[in-house]
Amino acid sequence: MDRRTLITAAALAPVAIAAPAVAGTGSPAFQMALSNYMEAFGAIGAMTSDTSEEEEDRLNEIYLARFQEMNEATPTTPREFVQKFHMLWMDGGYPQPETIAKMLADAKRIAP
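Residue numbers (mature numbering (1 follows the signal peptide of the UniProt record, and there is no 0)): -23 to -1, 1 to 89.
Incorrect hints may appear among the rest.
What follows is a set of in silico ranges between Cβ atoms, one per label pair, in the way DEER data are often shown [as the list claims (entries may be wrong)]:
no., residue 1, residue 2, range
1, E33, A88, 38 to 46 Å
2, A88, E30, 42 to 50 Å
3, Q73, G22, 22 to 30 Å
4, Q45, A82, 12 to 20 Å
5, I39, Q8, 15 to 23 Å
6, P89, D34, 37 to 45 Å
Dumping the calculated SDA-like pairs for lysine to any residue here, alpha-carbon to alpha-carbon at most 20 Å [stated by the list, open to error]:
no., residue 1, residue 2
7, K79, T53
8, K85, R56
9, K85, T51
10, K85, T53
11, K85, W66
12, K85, S4
13, K79, H63
14, K79, T51
15, K85, P72
16, K79, E49
17, K85, L65
18, K85, E75
19, K79, E46
20, K79, F7
Calculated directly from the structure, the hints in this document are not laboratory data. Since the model is a prediction, treat every value here as computed from it, not as a measurement. We put the beta carbon where it would ideally sit given N, CA and C, even for glycine.
Turn these sequences into a full structure, and let the hints steer you where they fit.
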């Protein structure tokens, strides 16, 4: 995947994340990991100042576990690659070098 394709994919990531899954495409395991991650991400975002410290800790633990599952999930389609890219780099995130290397390998494997 060349730099232009990667930048284009990053720009389209929010659209790809929000778009409903197309039946019969992609990996069910990846889509489950993405769904679980988005649910945990949403729960973190829905916390209020009234959220107890125990509940906040519980939701953070779930989020970190779901983030790790998503981090380990292997995209099987370009759309899944964009979804994972967005998840890893969202909000100024910067993955570990090993994760970046895995993403580059994934990009080479699924690039048309």
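Each hint, compared with the structure:
Checked against the hint of 38 to 46 Å, the C-beta distance between E33 and A88 comes to roughly 40 Å, which is consistent with it. Distance hint check for A88 and E30: the Cβ-Cβ separation is about 45 Å, which falls inside the suggested range of 42 to 50 Å. Range check, Q73 to G22: Cβ separation about 24 Å, and the 22 to 30 Å hint holds. Checked against the hint of 12 to 20 Å, the C-beta distance between Q45 and A82 comes to roughly 19 Å, which is consistent with it.
The hinted range of 15 to 23 Å is satisfied by I39 and Q8, whose Cβ atoms lie roughly 19 Å apart. For the hinted restraint 37 to 45 Å between P89 and D34, the CB-CB distance of approximately 44 Å keeps it satisfied. Of the supplied pair hints, the one linking K79 and T53 holds, its CA atoms being roughly 13 Å apart against a limit of 20 Å. About 14 Å separates the Cα atoms of K85 and R56, which keeps this hinted pair within 20 Å; it holds.
For the given pair, K85 sits about 13 Å from T51 by alpha-carbon distance, which is consistent with the 20 Å threshold. Only pairs whose Cα atoms come within 20 Å are accepted, and K85 paired with T53 is accepted, the gap being roughly 11 Å. Proximity of K85 to W66 is assessed by CA-CA distance (about 19 Å); at most 20 Å being required, the pair is judged to hold. With a C-alpha separation of about 17 Å, the suggested pairing of K85 with S4 holds against the 20 Å cut-off.
Annotation: proposed proximity of K79 to H63 holds, straight-line Cα distance about 15 Å (limit 20 Å). This hinted pair checks out: K79 and T51 have alpha carbons roughly 9 Å apart, not beyond 20 Å. Of the pairs offered as hints, the one joining K85 and P72 holds, with about 18 Å between alpha carbons and a cut-off of 20 Å not exceeded. Among the hinted pairs, K79 with E49 is consistent with the structure: their alpha-carbon atoms are about 9 Å apart, no more than 20 Å.
Taken as a hint, the K85 and L65 pair is honoured in the structure, with Cα atoms around 18 Å apart against an allowance of 20 Å. Distance restraint check for K85 and E75: the Cα-Cα separation of roughly 15 Å lies within the 20 Å cut-off, and the hinted pair is therefore satisfied. Note on K79 and E46: the hinted pairing holds, with a Cα-Cα distance of about 14 Å set against a maximum of 20 Å. Taking the CA atoms of K79 and F7, the gap is about 15 Å. The hint holds against a cut of 20 Å.
The structure shown violates none of the earlier numbered hints.
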